[in-house]
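Protein chains: 2
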Amino acid sequence: MSRDVAIIGVGLAKFGERWNAGLKELMAEAGLQALEDANLKSDDVEMLYGGTMASGRFMGQEHVAALMSDQLGFKNIPAVRIENACASGGSALRQGYISVASDIHDIVVVGGVEKMTDVTSSEATTALGGAGDQEWELFQGITFPALYAMMAKRHMYEYGTTEEQLAAVSVKNHENAMKNKYAQFHKRLTIDEVMKSKMVSDPLKLLDCSPISDGAAAVVLAPLEIARKYNDTPIKIVASAQASDTLRLAERDNLTSIKATSIAAEKAYKQAGVTPKDINVAEVHDCFTIAEIMAMEDLGFYKKGEAGKAVMNGETAINSKISINTSGGLKGCGHPVGATGVKQAVEAVWQLRGDAGERQVNGAEVALTHNVGGSGATAVVHIYKRAN
Amino acid sequence: MSRDVAIIGVGLAKFGERWNAGLKELMAEAGLQALEDANLKSDDVEMLYGGTMASGRFMGQEHVAALMSDQLGFKNIPAVRIENACASGGSALRQGYISVASDIHDIVVVGGVEKMTDVTSSEATTALGGAGDQEWELFQGITFPALYAMMAKRHMYEYGTTEEQLAAVSVKNHENAMKNKYAQFHKRLTIDEVMKSKMVSDPLKLLDCSPISDGAAAVVLAPLEIARKYNDTPIKIVASAQASDTLRLAERDNLTSIKATSIAAEKAYKQAGVTPKDINVAEVHDCFTIAEIMAMEDLGFYKKGEAGKAVMNGETAINSKISINTSGGLKGCGHPVGATGVKQAVEAVWQLRGDAGERQVNGAEVALTHNVGGSGATAVVHIYKRAN
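Taken in sequence, the protein lines are chains L and X. Just remember that the working numbering sits 173 ahead of the position in the first sequence, which is counted from 1. Just remember that the working numbering sits 173 ahead of the position in the second sequence, which is counted from 1.
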């Protein structure tokens, strides 16, 4: 790969229950905002990668990248849908990065979208179950909350992680979401409220779980060498790495760590020439509160067993030791699955540009995003810096 | 892009109604055959692209590339699912090509799979409808046979194409499939039998339509410079091109041509430095008989309105003027949608290696594959030559 890659435009469609918006409206909202941010017209775009997980089951709509390209007025360009469960967005970003880094295209749009609220929550839970092994897990009655509950139980057993520490993740992320106008929830929570919310799968309660959401996100990529033609504050992608693991939780080496995250993170730190200590702001994949705790450890921010205490101590709030999920994360900002990985990149860009408003991390220099598919069969890690 | 790319291994799982095989078994059957053909072990593979269209709706299974990687014993490598409707396989091949050409990975597997026969044909037709615009076409009651029937009617009106000419496509492709042990159908047809088969959507009858199929296909890619380490007869991919168009048929410039095919073909011929006259053998996307006739014209093999007569005259049979759909095409070999684009590449490789047995095209030097998504919102064209 020969070229440095920058993000020159970002856009978000508000996350939430968007009753009046379908897939097309959400895509247009995020995509046009990103194009405008990059001072580009639709005709300038050479390639589109579109991440979405289960539009077929949620909306009866496959072929979503071509639809997105059509909707955004792109001119007969190659459009490719990427599906890697909840890591669809991050995986699409990585493919976009590759296509620019490799000198195949100059201007590439990466979009992520999911419209989840047109089906019942039972149907949504079943559709999301397709991220795991259908025959060996879902068909046996194991839902995603149950898979992460097993990880949580084992983490509690091995490291003494507590339900209050899990709850503290949710409280922090809801607090951050208060400052994000694109977030699904603007509702402050207390640990007590999380602890008293309805049990979903022991020990995970309703307020430990990310919600069902509609939303979309988009970023525009360009070679760094020409990025300033379009935007004064290009953000450089200094690492892009991805790894996979067995879909079946039962076949993993252990339940308290996501191996694909560790592998992708190690590659990403090496590519970027940074260490976990250098990261100022991180968007990590908190589909359930235990997932944020495991991510903090697997990404090397904390030793195994230390992350729960750190959250409880406030070390991961905005402008503390390391600011984690400033957007509100999946829990507070919402989790339209195919959009999430791209939204994480949008937040990283806003933080590094100094455009994050009330939730701005002072002196943010290096950002990381971490997107997980299923119970950890896919993990994607990107690292970003301001371009000098 | 800096490197030439070769196909060093190919594999197919037999197409058909595979009652005893699920997604995993089909993937393993094709994938392991391709690895063996390339003299590789699972550990050698660095990246996987997996094409599948609607595994979520057919099987409740998303996240299929990670599942494929797991099933084939690959070690925590990046795995990415590509979905571009019926062009998922061709689109996956193009992404694999890019990743090797760009020096990101050396050994890349591209797989395609679809398991379609575990749902009713009505459910399958609905799922396949997701390749078109759900809100503007499917929801209004338009199925895929109806979309292609409209194209056929207009082609007949403008160019005098006849129902017998359409039928001749099916007869030829079934004849070719007789010689392919991987084909779904081994049943010779006559024009009269096609003409008398049940009407599906006027003028398309049952035997004008490709079937619902299970199947999988896989190819192994490597840089040409090291290809002979693995296989004595590497096949070079000399062009890879893709284009898109509006999903909605109603918004196209005209109904008798697939614009995305013309655009992708023009790019591919330019990249390969060849003209349509140089192509000896082509696998084209005959999801319906009219689609093969449009492909022959849009790919530049025949002028508009001439293709129907050419099929009728036998000019596209094996070892005639240009050998089209030697595998039996989608009609005769079967159409497991995500697998089709990859299967086309497998057939091109066998033809160029001289390994196509009874259906071998004598002196085949240049092959082309053409994979379409939906009613033409995506088209992917690849061109191949023997490596000197």
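There could be a bad hint or two in this list.
Any copy will do: because identical chains look the same in the list, a pair fits if it lies in one copy or spans two.
Unchecked claim - Mimicking SDA-like on lysine to any residue, the simulated pairs with C-alpha atoms at most 25 angstroms apart in a straight line are:
no., residue 1, residue 2
1, K558, E296
2, K248, W309
3, K443, M485
4, K432, G195
5, K360, W309
6, K443, S175
7, K187, M368
8, K558, D177
Rather than coming from a laboratory, the hints here were simulated on the basis of the structure. This structure is a prediction, so every number in the text was calculated from the model and none was measured.
Q: Tell me, please, which holds for K443 and M485 at an alpha-carbon limit of 25 angstroms: within, between, both or neither?
A: neither (30 angstroms within a copy, 61 angstroms between copies)
Q: Can you give me the call for K558 and D177, within, between, both or neither, at a CA distance of at most 25 angstroms?
A: Answer is within: at 12 angstroms inside a copy they meet the 25 angstroms cutoff, but 33 angstroms across does not.
Q. For K360 vs W309, is the C-alpha pair at or below 25 angstroms within one copy, between two copies, both, or neither?
A. Classified as neither; 38 angstroms inside a copy, 38 angstroms across copies.
Q: If the cutoff is 25 angstroms on CA atoms, where do K248 and W309 land: within, between, both or neither? Let me know, please.
A: between (43 angstroms within a copy, 20 angstroms between copies)
Q: If the cutoff is 25 angstroms on CA atoms, where do K558 and E296 land: within, between, both or neither? Let me know, please.
A: neither (40 angstroms within a copy, 48 angstroms between copies)
Q: Evaluate K443 and S175 at a C-alpha cut-off of 25 angstroms and name the case that applies: within, between, both or neither.
A: both (17 angstroms within a copy, 24 angstroms between copies)
Q. Between copies, within a copy, both or neither: which fits K187 and M368 at Cα up to 25 angstroms?
A. neither (28 angstroms within a copy, 54 angstroms between copies)
Q) Is it within, between, both, or neither for K432 and G195, if the alpha carbons may be no more than 25 angstroms apart? A) neither (36 angstroms within a copy, 27 angstroms between copies)
The structure shown violates the earlier hints numbered 1, 3, 4, 5 and 7.
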